[in-house]
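Trainee: Dock chain B with the ligands against the given chain A, drawing on the hints supplied.
Sequence lines, in order, name chains A and B. Per the working numbering, residue 1 is the first one in the first sequence, and the count goes up by one each step. Per the working numbering, residue 353 is the first one in the second sequence, and the count goes up by one each step.
Hints are not guaranteed to be accurate.
[To be verified] Stretches of chain A that chain B covers, calculated by requiring three or more beta carbons in the stretch to come under 8 Å of a beta carbon on chain B: (1) 94–107; (2) 118–131; (3) 147–153.
Read the hints as simulated data drawn from the structure, not as lab findings. Quick caveat, the model's predicted, so the values are computed rather than measured. Glycine included, C-beta positions come from ideal geometry on N, C-alpha and C.
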Amino acid sequence: MAQQTLPQIPIKKGEPAYKLWIFEPGWKGELPLILNPRQLAEQKRAAILPGHRLCAGCAAPIIVKLASFAFRGPTIVVNATGCLEVATTIFPYTSWAVPWIHNAFENAAATASGVESAIKAFKKTERLPWDHVDVVVFGGDGGTFDIGLQSLSGAAERGHDFLYILYDNEAYMNTGIQRSGGTPKYAWTTTSPVGSVLPGKTQHKKPIADIMVAHRIPYVATATPAHWLDLMKKVRKGIEVNGPAFIHALSSCDRGWRHDTALAIEVSRRAVDTCYFPLWEWTPEKGYMLTDRSLSIARNPKLKQPIERFLEVQGRFKHLLRPENRHLLKDLQEWVDKVWEDLLNRAVNAPR
Amino acid sequence: MTEAVKTPHIPLEKQKLLTVNGDEAVAWAAKQSLVDVVAAYPITPQTIIVEKFSEFVANGEVHTEFVPVESEHSAMSACVGAAAAGARAFTATAANGLALMWEILYIAASLRLPIVLAVANRALSAPINIHCDHSDAMGMRDAGWIQLFVENVQEAYDTTIQAFKIAEDERVLLPVAVNLDGFFLSHTLENIHILPDEAVHEFLGGYRKVPKVKVDYFDEEVPLMLNPARPLSFGPLDLYDYYFEHKMHQVEAMKRVPEVVREVNEKWYELTGRKYGDGILVPYEVEDADIIVTVLGSTGGTVRHIVKKLRREGKKVGMVRIKMFRPFPHKELAEILKNAKVVGVMDRAISFGSYGPSFLDINTALYDYKKKPLLVNYIYGLGGRDAPPELLEKMFNELLSDAEKGYVENKLRFLGVRE
Ligand SMILES: Cc1ncc(C[n+]2csc(CCOP(=O)(O)OP(=O)(O)O)c2C)c(N)n1
Ligand code: SF4
Ligand SMILES: [Mg+2]
Numbered sequence: 001m002a003q004q005t006l007p008q009i010p011i012k013k014g015e016p017a018y019k020l021w022i023f024e025p026g027w028k029g030e031l032p033l034i035l036n037p038r039q040l041a042e043q044k045r046a047a048i049l050p051g052h053r054l055c056a057g058c059a060a061p062i063i064v065k066l067a068s069f070a071f072r073g074p075t076i077v078v079n080a081t082g083c084l085e086v087a088t089t090i091f092p093y094t095s096w097a098v099p100w101i102h103n104a105f106e107n108a109a110a111t112a113s114g115v116e117s118a119i120k121a122f123k124k125t126e127r128l129p130w131d132h133v134d135v136v137v138f139g140g141d142g143g144t145f146d147i148g149l150q151s152l153s154g155a156a157e158r159g160h161d162f163l164y165i166l167y168d169n170e171a172y173m174n175t176g177i178q179r180s181g182g183t184p185k186y187a188w189t190t191t192s193p194v195g196s197v198l199p200g201k202t203q204h205k206k207p208i209a210d211i212m213v214a215h216r217i218p219y220v221a222t223a224t225p226a227h228w229l230d231l232m233k234k235v236r237k238g239i240e241v242n243g244p245a246f247i248h249a250l251s252s253c254d255r256g257w258r259h260d261t262a263l264a265i266e267v268s269r270r271a272v273d274t275c276y277f278p279l280w281e282w283t284p285e286k287g288y289m290l291t292d293r294s295l296s297i298a299r300n301p302k303l304k305q306p307i308e309r310f311l312e313v314q315g316r317f318k319h320l321l322r323p324e325n326r327h328l329l330k331d332l333q334e335w336v337d338k339v340w341e342d343l344l345n346r347a348v349n350a351p352r
Numbered sequence: 353m354t355e356a357v358k359t360p361h362i363p364l365e366k367q368k369l370l371t372v373n374g375d376e377a378v379a380w381a382a383k384q385s386l387v388d389v390v391a392a393y394p395i396t397p398q399t400i401i402v403e404k405f406s407e408f409v410a411n412g413e414v415h416t417e418f419v420p421v422e423s424e425h426s427a428m429s430a431c432v433g434a435a436a437a438g439a440r441a442f443t444a445t446a447a448n449g450l451a452l453m454w455e456i457l458y459i460a461a462s463l464r465l466p467i468v469l470a471v472a473n474r475a476l477s478a479p480i481n482i483h484c485d486h487s488d489a490m491g492m493r494d495a496g497w498i499q500l501f502v503e504n505v506q507e508a509y510d511t512t513i514q515a516f517k518i519a520e521d522e523r524v525l526l527p528v529a530v531n532l533d534g535f536f537l538s539h540t541l542e543n544i545h546i547l548p549d550e551a552v553h554e555f556l557g558g559y560r561k562v563p564k565v566k567v568d569y570f571d572e573e574v575p576l577m578l579n580p581a582r583p584l585s586f587g588p589l590d591l592y593d594y595y596f597e598h599k600m601h602q603v604e605a606m607k608r609v610p611e612v613v614r615e616v617n618e619k620w621y622e623l624t625g626r627k628y629g630d631g632i633l634v635p636y637e638v639e640d641a642d643i644i645v646t647v648l649g650s651t652g653g654t655v656r657h658i659v660k661k662l663r664r665e666g667k668k669v670g671m672v673r674i675k676m677f678r679p680f681p682h683k684e685l686a687e688i689l690k691n692a693k694v695v696g697v698m699d700r701a702i703s704f705g706s707y708g709p710s711f712l713d714i715n716t717a718l719y720d721y722k723k724k725p726l727l728v729n730y731i732y733g734l735g736g737r738d739a740p741p742e743l744l745e746k747m748f749n750e751l752l753s754d755a756e757k758g759y760v761e762n763k764l765r766f767l768g769v770r771e
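Chain A extracted, bound-state conformation:
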């Protein structure tokens, strides 16, 4: 591939959309945040290029693509070990149009701390040829809720300027669908199988975004690829704040969730419609604010769907729909309702 240049916005007719992002030293400005779908399609290039080997129907690359549409300029991406990392960079190929580093599984935030500190040192000594270089991390739920929580918490406490995007497919997918701290209660995984005694995972999902709120970093939000405008706006905000920002993006996995490959967006939508995965953002100034569909549901509770709507399309929950497991379903519904209610009480823009 010959060397190519960005930004050429709009993309010239006939040019491929897959090009490396080149910011020549001295480049100034800010890439526009385009929210009009037609302009977006015509003018934006994603930081993830075609040809990667994530499964058909995987939501992870959609999240990355949407997030990268919201990048504002020179950006370095850090990736934790997991599906996204292994499937986008099988040597000698790479799908990344921006500088990208994978270090290990549990240290994406620490690695980003180092990258960001290097950028700061360069800036201090006038060796950085751009006004700013943004650092964006992508980590899976295993790499974030579990093994990487310490390094994330440490980096957040130290206040490094980076955006951490958790793509949460609710299990260790890369190693073959094992339960994580992000796996919901009663979900089947290969280490929380549904047996004659145990009904899948027996613990609830960890409230990771609230844990990040408790760090009182400048910006925390939730997102899904189905609510794409919401996601892009949140990514831009997360990049713009000075200091750590965290976005918890639900990332459906057809292999692990056991659903049809065409349902990534549908199942994400249902996660929000059932209030299983509410959309919100939080800043230290304003507190919790519902966004997008979740704000609509808060205003019009009739829109809230029963949890079955989320579960029924996924094989990992199919045992919950059996008549003898009605009490489990009820338990899960009560948990969802309680968490949603708590959120409504906290959200400053929820109707009282």
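Mentor: The following block gives chain B with the ligands in isolation, referenced to the frame of chain A:
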């Protein structure tokens, strides 16, 4: 041991006299080396390094970004991120901290990042113990790092600066660990000479310069770093079709290390008037020696003291301090040892169920020689157990009587342990 040069570029009177311990000496070296990022976590006996460095940061004496990470795992991870972004990165640790870094040590070396790590050597748990041995360093033996061991505080300073030069040399591009014995060096005050800042800057060529590489999708050579102007992917998945070749790159890089270490040692000599053997091995009284003892680290000083004493008594003894343990100087060391009658190999660590780590290498080094010395492995000093002169003299006397007998009964001996 240092030899005096007639006219060093910076004569001794232009060097500043400092009374510092080994940790402080390392911190001074890092300070003068224009390090961009220091990420570190406290652990005895290394802590003084980060404390001292934090003072430099707090007083605005350095441009360095200091990252007070929440663990050593994150310290090395942040160094990897920083070095991949093109920065000069430094960290320091010991024992359990080094063990916690282990996973990322391999990644740093495999990504060819010229990070410098000071290890204030300390015994590994359990039982928890804060004192010196080399079991921590030996745990990273196979990680792909250059491992240097120093004998005194002056050498700790000198070697830390040299380490950046070695690591960043385009023939090398490997991380370097500078090992200084916990407490014996880390906490022991010595008078040392340090260079003026500018002399160190000049020696290192200023800030880190990132090498350029050819990548097939660019028409030109591009800097090997995370660079928005020429994006590269660092740390991809690499399977059976390429991994082995990439490991061969590390094998080849290691082969080029000795010449670079020798050059750097010579350049340092010209600049400061100080050198340590050829930078790799520091032999003493070996030419006609029947008995040669090999040793790493600060014990070298005591061994030399005994060699002097025994020489005065007319005994043909000598020693070699192994300054560079990885890559191991098999050939060079074997050439020194081959004519001795008995070689005593001192290891301040043990591979349980086997011998000491340097003993294994020295056996390998000598295997192909027809005429070769008998070998004895002395495990000593575990958990900071002292190795006083009398004990080392006893060792030499044992070796002398082995030489007289012409055979060795017990190859693996434990020095200074209660029965
Ligand atoms: C220290 C360490 N432990 C275990 C692994 C094995 N491992 C690699 S990826 C992975 C799961 C990743 O799960 P997640 O973070 O949820 O990402 P996903 O693959 O689901 O996208 C595991 C367990 C590893 N690479 N490193
Ligand atoms: S296993 Fe799941 S998360 Fe991984 S690539 Fe496939 S669909 Fe995506
Ligand atoms: Mg996952």
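Trainee: Would you say the segment 118–131 of chain A counts as covered by chain B, given the rule of at least 3 residues with C-beta under 8 Å?
Mentor: holds (count 10)
Trainee: Checking C-beta pairs, does the segment 94–107 of chain A have three or more residues closer than 8 Å to chain B?
Mentor: Holds: 12 residues of the segment 94–107 of chain A have a Cβ under 8 Å from chain B.
Trainee: Count the residues of the segment 147–153 of chain A with a beta-carbon closer than 8 Å to any beta-carbon of chain B: does the count reach three?
Mentor: Check passed, 3 qualifying residues.
Hint compliance for this structure: every hint is met.
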